[in-house]
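Chemist: Sequential numbering from 1 applies to the sequence shown in full-length UniProt numbering.
No lab work stands behind these hints, which were simulated from the structure alone.
Among the hints, a few may not be true.
No more than 20 angstroms apart at the CA atoms, straight line, and that leaves these computed lysine-lysine pairs for PhoX-like [as the list claims (entries may be wrong)]:
1. K97 to K442
2. K442 to K452
3. K441 to K97
4. K313 to K161
5. K441 to K452
Restraint-style ranges between C-beta atoms, simulated for each label pair [to be verified]:
6. I269 to H502: 17 to 25 angstroms
7. I450 to P91: 28 to 36 angstroms
8. F211 to K161: 30 to 38 angstroms
9. P337 to L369: 51 to 59 angstroms
Just so it is clear, CB atoms sit at the ideal spot from N, CA and C, and this is done for glycine as well.
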Amino acid sequence: MRMKHRNAPQRCRRIAGGRKTLSAAILAAVLGVVGVAPALAQSSTSGTSPAGNAADQPPTIVTAEDVANLEPMSPGFTSMKLAEATLEQLPVCLEYKITGITLRVIITPWFVYYFWTPHVEHYSPDLLAMSHAELNAMPWVEYNALFGEAYKQVSNVLFAKILSTLFGLPQTEIGGGRYLDKGWGKHQSVQFTESTIVGNPVAMFIDAFTFKGINLPQPADNSNQNTQRSNPSDEKQSGNKSGGNRGGRTPSVGGQSSGNGNSGPQVPIDTVKNWLSSWANGNTNWLPIFSQNLGYTQVMMMMANSPVVQSIKQLMQQIDAALSSINGKVGDSPFCPVNATPFEPYYLSGLDAYAWRLGYPVADPDKSLTIMNPLSRDKIATSSEEDYGKVLFNLPPELVKFLSPRWGHVYPREGALDQPDTSKHGAVVAERGRSLLAESKKPLNRIYRIPKYIMNGAAWSKMYPVQTICHRNIANTGADIEKHSRYAWTLWTSHDCDLFRHGIPIVTVPIGPIYVTPAIPE
């Protein structure tokens with residue numbers, strides 16, 4: 001029997017990415033809610049007759065931006081709110097444990113020195129994963145203000161070149177949203193969503209801690225940047241806790257403030273566009289002015305004075321006591337090096353449009369066996385939904401897993417998904433983006449920045465629209481719906497290392513594990 005691709009009935013994704021005009025019937029229904037005459041909706045169609053055969057009319061797409069034009073969009077979260085929320089979760093999401101003790105050797109011309117050192121594992125809030133229907137509708141306020149419009153323009157140009165080269169199609173504007181076909185009704189389940197994964201600023205907090213205290217990096221000097229700054233008195237006012245925006249100044253791109261009244265350093269939009277274009281070509285030279293626009297200084301000040309610092313210091317005393325029981329040699333810090341760059345993007349699906357928009361088989365042709373297999377194990381679902389299959393006794397485990405409810409599959413790693421719930425869709429898209437970064441070998445046709453560490457494990461805590469505790473399974477962070485299809489998760493990645501890393505490792509003897517902080521729930 002010929003096996004169908006599991007997304008085959010809904011392969012009508014936005015290959016061309018063109019924004020089609022709403023049909024008369026759909027637009028009339030939408031505008032009728034806000035009191036607009038149906039005749040106006042009919043005049044908005046592209047020459048199609050409302051009386052025509054519905055089956056002969058082309059499919060239409062309602063994007064998140066179309067809905068946003070009818071309803072005001074909530075502001076999302078700021079850099080300061082992101083840092084505060086992540087710091088609060090740090091003690092319970094760290095999952096610090098001692099897993100072994102390593103014998104290492106230092107060899108010099110004068111002596112050979114053998115010693116033991118503890119081998120530890122812990123999680124770190126290295127990344128922030130965002131899912132959003134439109135390229136310029138990210139839930140992170142400062143990030144969207146700085147990059148949103150430039151990101152959309154660069155992605156449009158990039159995808160237009162792809163369409164022109166492959167299909168000879170003219171330039172069209174790309175976007176996301178829900179696929180609608182009048183021949184099949186208004187409630188189609190296929191949607192398209194963008195994935196953005198960037199460095200979480202709180203990752204610096206882990207790298208800054210030593211047994212002697214906290215040593216946060218100093219803000220970069222932007223005096224040589226050709227940018228215009230606001231009045232110093234405005235900076236002092238914005239830093240005053242008694243008033244103003246606690247998250248610092250919202251970025252200003254091209255001299256245009258994002259609307260909160262506090263204008264930050266001005267960055268020409270062409271500067272942002274040029275940097276995004278170079279990033280797509282492999283350049284990772286992050287501009288310090290971007291960090292300043294995203295609230296680097298304010299976040300550093302907040303973290304240095306956060307009450308969480310005391311909690312971490314108490315935690316370090318527990319770690320020190322646990323390490324002392326092993327009698328191993330330790331270094332300056334109880335944590336492994338994180339090597340994550342705050343704010344810098346690691347994955348931008350708009351710049352990975354060739355695979356993210358065209359989808360399978362352009363995306364993940366090497367995963368064809370998994371994609372075509374209805375019993376594949378790359379399913380995403382909550383623990384309770386997976387347990388649902390247990391009632392189907394006397395069936396093979398693979399069949400039980402297949403019959404259980406699901407949110408979606410990791411493969412193929414593209415933006416289209418047969419899932420009507422935008423929250424579940426966003427979670428699957430976020431997991432697809434993380435899966436790309438975790439690849440041991442970068443696929444030839446994908447565009448993303450490879451992390452400086454191997455992503456052995458990951459945990460998730462939802463940041464927006466609601467905040468949740470950490471879970472290993474992203475589906476267990478909840479399915480709260482945001483009406484503009486914008487979602488964000490802190491991505492906690494696992495690190496393991498010897499605490500004293502000088503010399504050459506010889507052998508690691510497993511022990512425990514000895515948990516210093518609670519384990520992250522499934």
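Chemist: Which hints from the list above does the structure break, by number from lowest to highest?
Modeler: 1, 3, 4, 6, 8 and 9
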